[in-house]
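**Q** Residue-level listing of the chains:
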Amino acid sequence: MAASFFGPQKNTNVRVGLPAVCFVWQIAMVVLFGVFIRYDEESDTHWVEFRRENNITSDIENDFYFRYPSFQDVHVMIFVGFGFLMTFLKRYSYGGVGFNFLIAAFGLQWALLMQGWFHSLNPETGKITIGVESLINADFCCAGSLIAFGALLGKVSPVQTLVVALFGVTLFAVEEYIILDLLHCRDAGGSMVIHCFGGYYGLAISWVLYRPNLHLSKRFHGAVYHSDLFAMIGTLYLWMYWPSFNSAITDHGDGQHRTAINTYLALASSVLTTVAISSMSKKGGKLDMVHIQNATLAGGVAMGTAAEFMIQPYGALIVGFCVGIISTFGYLFVTPFLEKYLKLQDTCGVHNLHAVPGMLGGFIGAITAAAATEAVYGAEGLRNTFDFEGEFENRTPGTQGGFQAAGTCVSIAFGLVGGVCVGFILRFPIWADPGDDNCFDDEVYWELPEDEEIVPPVLEYNNHMIHKHQEISESNFSVDQS
Amino acid sequence: MAASFFGPQKNTNVRVGLPAVCFVWQIAMVVLFGVFIRYDEESDTHWVEFRRENNITSDIENDFYFRYPSFQDVHVMIFVGFGFLMTFLKRYSYGGVGFNFLIAAFGLQWALLMQGWFHSLNPETGKITIGVESLINADFCCAGSLIAFGALLGKVSPVQTLVVALFGVTLFAVEEYIILDLLHCRDAGGSMVIHCFGGYYGLAISWVLYRPNLHLSKRFHGAVYHSDLFAMIGTLYLWMYWPSFNSAITDHGDGQHRTAINTYLALASSVLTTVAISSMSKKGGKLDMVHIQNATLAGGVAMGTAAEFMIQPYGALIVGFCVGIISTFGYLFVTPFLEKYLKLQDTCGVHNLHAVPGMLGGFIGAITAAAATEAVYGAEGLRNTFDFEGEFENRTPGTQGGFQAAGTCVSIAFGLVGGVCVGFILRFPIWADPGDDNCFDDEVYWELPEDEEIVPPVLEYNNHMIHKHQEISESNFSVDQS
Amino acid sequence: MAASFFGPQKNTNVRVGLPAVCFVWQIAMVVLFGVFIRYDEESDTHWVEFRRENNITSDIENDFYFRYPSFQDVHVMIFVGFGFLMTFLKRYSYGGVGFNFLIAAFGLQWALLMQGWFHSLNPETGKITIGVESLINADFCCAGSLIAFGALLGKVSPVQTLVVALFGVTLFAVEEYIILDLLHCRDAGGSMVIHCFGGYYGLAISWVLYRPNLHLSKRFHGAVYHSDLFAMIGTLYLWMYWPSFNSAITDHGDGQHRTAINTYLALASSVLTTVAISSMSKKGGKLDMVHIQNATLAGGVAMGTAAEFMIQPYGALIVGFCVGIISTFGYLFVTPFLEKYLKLQDTCGVHNLHAVPGMLGGFIGAITAAAATEAVYGAEGLRNTFDFEGEFENRTPGTQGGFQAAGTCVSIAFGLVGGVCVGFILRFPIWADPGDDNCFDDEVYWELPEDEEIVPPVLEYNNHMIHKHQEISESNFSVDQS
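Protein chains in written order, with UniProt numbering: chain E, 1 to 482; chain Z, 1 to 482; chain L, 1 to 482.
Among these hints, one or two may not hold up.
Identical chains blur together in the list; that is why a pair holds if it fits in one copy or across any two.
To be verified - Straight line, CA to CA, 35 Å or less: simulated DSBU-like cross-link-like pairs of lysine-lysine:
hint, residue 1, residue 2
1, K10, K282
2, K343, K218
3, K10, K283
4, K10, K127
5, K283, K127
6, K283, K218
7, K343, K127
8, K218, K282
9, K340, K127
10, K127, K218
11, K282, K127
12, K340, K282
Since the hints were derived computationally from the structure, they do not count as laboratory data.
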């Protein structure tokens with residue numbers, strides 16, 4: 001078919017490539033974990049001795065109890081939140097949720113190693129020790145690549161998604177090290193390191209992989225009624241658990257508490273402005289599911305940095321108010337513009353949900369940090385919140401604000417440059433990506449059931465008739481089934 | 001069309017009204033939060049000083065760690081539980097989950113203010129301080145309006161739902177203040193203040209908004225196979241997390257622990273009696289999804305007040321046993337009766353799931369309270385459980401029982417009277433509500449995808465054929481797509 | 001119909017049997033709970049005195065705060081995880097999620113009694129006292145029967161599923177007592193007592209209930225596109241919360257912490273090898289949803305015993321690596337083999353997901369235990385981890401390993417022998433099970449909506465046309481609806 005008009009049909013066979021990559025990379029993980037990774041003192045059986053030595057009075061002070069509920073919420077966001085948000089396409093729901101599952105499962109292992117080498121390698125023993133906070137960070141690190149996958153959804157092969165994750169996690173660990181350790185920024189919920197980086201990383205890859213004939217897959221590009229409902233599962237889990245996402249690794253006590261409150265408020269505010277703009281933009285004021293599914297979440301993204309600061313509840317509402325508007329405008333005007341004039345195809349609109357709100361979140365964080373005063377935070381509170389300790393003891397909030405802004409720029413740069421490089425790697429003709437007329441179609445990489453709308457109706461109609469009218473003779477039926 | 005038989009078709013255009021309400025109300029929230037709302041001492045950076053002053057030994061004693069996991073469960077119940085439970089209609093799933101999302105997002109902000117003014121306004125500073133318990137209470141407060149929305153599902157415009165939430169939250173805060181503060185009732189899980197109030201509030205509104213020609217929308221009134229499965233997601237999340245709902249704001253320690261156990265047991269018991277009655281009522285003993293989706297939850301509603309008392313595990317089972325039966329009977333006989341003879345259209349049957357079980361829960365709470373003895377609770381336990389402190393130091397369990405019963409009556413009265421008033425407000429012809437022949441139809445307020453069953457089959461069938469038989473020439477296909 | 005070819009159609013009327021069983025059993029539960037079950041000291045109002053007597057400094061040390069978040073995750077796994085995983089069949093989704101709900105709701109009550117009698121009956125008072133750990137154990141106990149239900153899915157009546165649960169819970173409590181108390185095995189996540197037992201129990205029942213003419217229901221045996229997506233909800237919740245499942249009842253502190261980490265890693269590793277084998281097995285490297293939905297979970301099953309030991313992170317990865325392969329091979333080759341040569345019909349493939357990985361998990365636990373040394377665990381850590389206290393004070397790790405292996409054999413024996421016995425009970429012709437041509441069909445036990453694919457398309461198409469072309473006269477429409 002495709003041969004007659006478009007030249008030889010693309011080879012989308014991944015029967016060698018996908019198993020090979022999965023096996024080789026997983027074996028590499030086993031070996032590297034064997035060499036490097038051990039339990040930390042809170043998850044090791046020596047905890048009982050550690051407790052005694054450090055005068056910890058109760059097991060409940062194990063970091064596990066501070067962070068595990070948030071960890072599980074983050075875990076749900078990564079696998080159900082991101083996964084189901086990407087089921088909105090009528091015939092790419094398996095790919096959305098399934099490849100998300102695959103790359104997150106690989107990415108979190110690689111993230112434990114990469115983040116471990118940069119942040120918690122013990123120089124004496126040569127080991128990385130992990131605990132519940134490492135698991136949360138590994139999930140965070142995957143999120144960057146999953147965001148990038150959102151821009152590429154339906155246009156890449158599963159092998160390519162794994163490559164995106166491999167380099168995405170690697171780049172993430174480096175930029176995170178620069179931003180958090182060298183620049184000493186605070187970014188608990190990852191506006192900069194996760195969303196801004198992940199968004200621009202995905203956009204840059206997508207730009208390099210531009211498909212001029214993507215309209216040939218137009219028949220698959222869109223939702224059906226129930227696929228939009230599946231996507232709402234993803235949206236709601238992201239929305240509900242975002243307070244846990246932003247607060248998962250903030251300071252014990254007031255840090256986690258305040259971050260959760262701020263995020264909760266910013267998200268609520270986003271919903272109302274998203275609905276307002278969505279309704280204004282359509283004939284009859286009808287709402288668009290794409291906006292509801294995505295722009296309502298922008299408040300969480302934009303609060304990723306500032307949520308742990310004393311931005312005040314009304315500050316959180318203002319942030320949500322503005323980014324809800326900006327994000328919805330993005331879906332209405334910017335995504336079509338990018339596709340038409342910048343040759344940038346962004347399936348899930350990560351530009352509007354992650355890249356821009358993430359960047360804004362970075363700058364909001366910078367401003368909030370620069371505006372911090374001892375009067376509001378208290379001397380001790382200021383020191384704790386911004387970690388003005390050790391070599392950073394004398395840093396002022398103003399300086400901190402400058403560094404926060406610089407950090408945002410670093411994350412954009414890493415996303416764009418890294419994405420372009422990875423994009424070129426993905427253009428090698430070895431990855432079994434789909435042809436322009438086969439995008440957004442699960443048929444390419446999945447065994448599909450004979451579906452209700454296609455073949456079964458005839459049979460099911462018959463069965464139904466048989467159920468209803470028992471007088472129809474069985475012989476007819478048997479012929480049908482044979 | 002409608003013009004020829006029913007007069008001019010109703011104007012359902014919300015393009016001005018919906019954005020206007022969203023913007024104005026959200027701006028009002030920002031201003032009011034700016035004036036009134038601040039962090040409490042456990043979410044403020046001064047926590048470290050507060051800890052020292054109050055001899056709190058560890059960050060883990062921040063209220064956040066007592067309540068945050070339960071808060072997140074409650075949050076899931078509000079957005080996924082209520083939201084997906086209302087997706088059961090074949091063509092109103094977007095409206096069910098989407099408007100639920102909208103009104104909860106607005107309602108929780110307004111609730112923080114209303115509940116703050118009544119319960120935690122500091123007279124010296126003029127500020128309301130909020131923490132995780134405030135967030136839980138705000139979610140609870142929304143629940144009342146979401147329950148009312150259940151009775152109205154499919155028959156109101158999004159602007160009307162916001163009005164329902166605005167007045168619902170306001171009324172809630174007042175009745176809650178009367179019941180909990182003035183009458184000094186205990187109602188941790190809100191049998192009275194949430195379910196009984198919310199149920200009667202919705203029923204009264206629906207009664208005022210009676211639509212004599214609702215049968216014109218009959219074609220949309222019912223489920224399809226997969227919409228019932230989406231609704232089961234809502235059911236199960238409500239069912240599973242109800243122990244968290246009831247225990248979220250009970251006393252630290254044994255209070256939360258006991259409440260969770262009682263609720264868990266009552267819910268389990270409801271399931272069996274619901275199945276029994278549902279099966280008995282139909283030919284061949286077939287089960288009805290409406291009963292399974294709703295009546296199984298009645299045990300949680302009915303335990304909302306008594307769950308924190310020493311009702312004993314078998315007491316919880318008995319409560320669940322009885323309300324499972326009553327609720328299923330309600331769906332079988334009372335809802336049709338109400339519609340036929342009382343002109344009361346109750347889309348989700350909130351009468352059977354919230355109003356009646358909530359009212360019963362209030363009285364069960366009253367009886368359990370009246371039966372409390374020092375022998376069972378211990379002197380200290382009795383005092384803690386019923387807060388017999390301060391001006392209520394000398395109240396006896398018997399008196400407490402009387403006040404609990406009075407509280408239930410207050411909640412019914414508030415629901416009915418408030419609902420009738422709000423109903424009349426909603427009858428003004430300015431709200432762009434759907435016509436009688438357009439109810440239960442997402443087409444009115446949502447941009448819908450061209451759906452699989454309607455237009456696509458022809459195309460998809462073609463695509464399928466092309467996939468299967470590659471010999472079909474591309475030219476044909478191009479014509480199809482053009 | 002069926003009469004003409006297959007003799008008289010089977011009686012599937014459960015209108016007497018199902019309500020009778022539900023009522024009688026639920027009343028029995030009420031009575032038995034009344035006689036036996038009370039709150040334990042951490043959920044009783046006397047907790048405040050208990051705290052003082054035991055010098056517990058804070059309410060946060062109530063076991064509730066150690067275990068409740070994990071309990072809720074386990075609860076989600078039981079009801080949404082297992083429930084939705086079984087919605088994959090195109091026309092048995094109601095039965096999958098609904099009967100799962102029913103038997104778990106009964107099973108957990110019966111489990112509280114059975115486990116209470118064996119583990120926590122106070123000989124002085126004759127009472128069983130329950131707390132949050134009892135609720136977790138009750139959920140675990142149900143899991144065994146739900147696994148068995150997976151093998152029988154679509155082939156049994158709801159009454160039979162309740163019988164499976166009644167005996168399943170009973171057998172579970174006995175084998176658990178033997179394995180955990182008499183043999184003093186450790187099995188926190190239940191590789192042996194839950195998965196291995198439940199898997200073989202279901203397989204044995206299914207073997208006895210072999211249906212030679214099951215091919216007559218072939219038209220219902222398979223998925224449709226959206227039913228597979230519903231099943232993915234189940235898969236992901238099981239996958240995400242499995243760390244909570246395995247760690248829910250392990251030791252406070254490092255025990256829960258380490259178990260969660262190990263399970264998280266094993267599961268991640270399973271995903272990659274499952275994808276690899278699934279892709280290798282199909283033409284074009286296409287992935288099979290059955291494998292992704294099931295075999296990705298094998299890592300959690302196989303880590304059920306060893307996760308709390310010092311298996312090290314790379315050990316967890318190796319376990320996940322191997323069982324992902326084994327489980328996928330099972331779906332590809334063993335299930336068809338069992339059906340063809342052993343006359344064993346296993347609807348969900350519990351052989352590959354529970355029986356074999358559970359058995360392997362038991363032996364992995366035995367080996368890990370036998371390899372434990374004081375050098376790795378520390379003297380105190382070794383004692384705590386394996387509970388080498390009281391009469392087991394002098395047990396060595398080597399001996400412990402032997403007992404762990406013996407425990408695995410006990411669970412297999414209980415599953416197989418118990419399952420055969422229960423299977424024969426279920427063959428009595430009184431249970432209203434479906435005929436061979438009616439399996440996997442919700443029509444038999446559920447009131448079904450007139451579905452989108454069957455009747456509505458004509459109507460909906462009309463409605464759609466009316467919406468689009470308002471010139472079509474209303475009179476036409478009214479005729480359609482009448």
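**Q** What are the numbers of the hints that this structure violates, sorted from low to high?
**A** 4, 5, 7, 9, 10, 11
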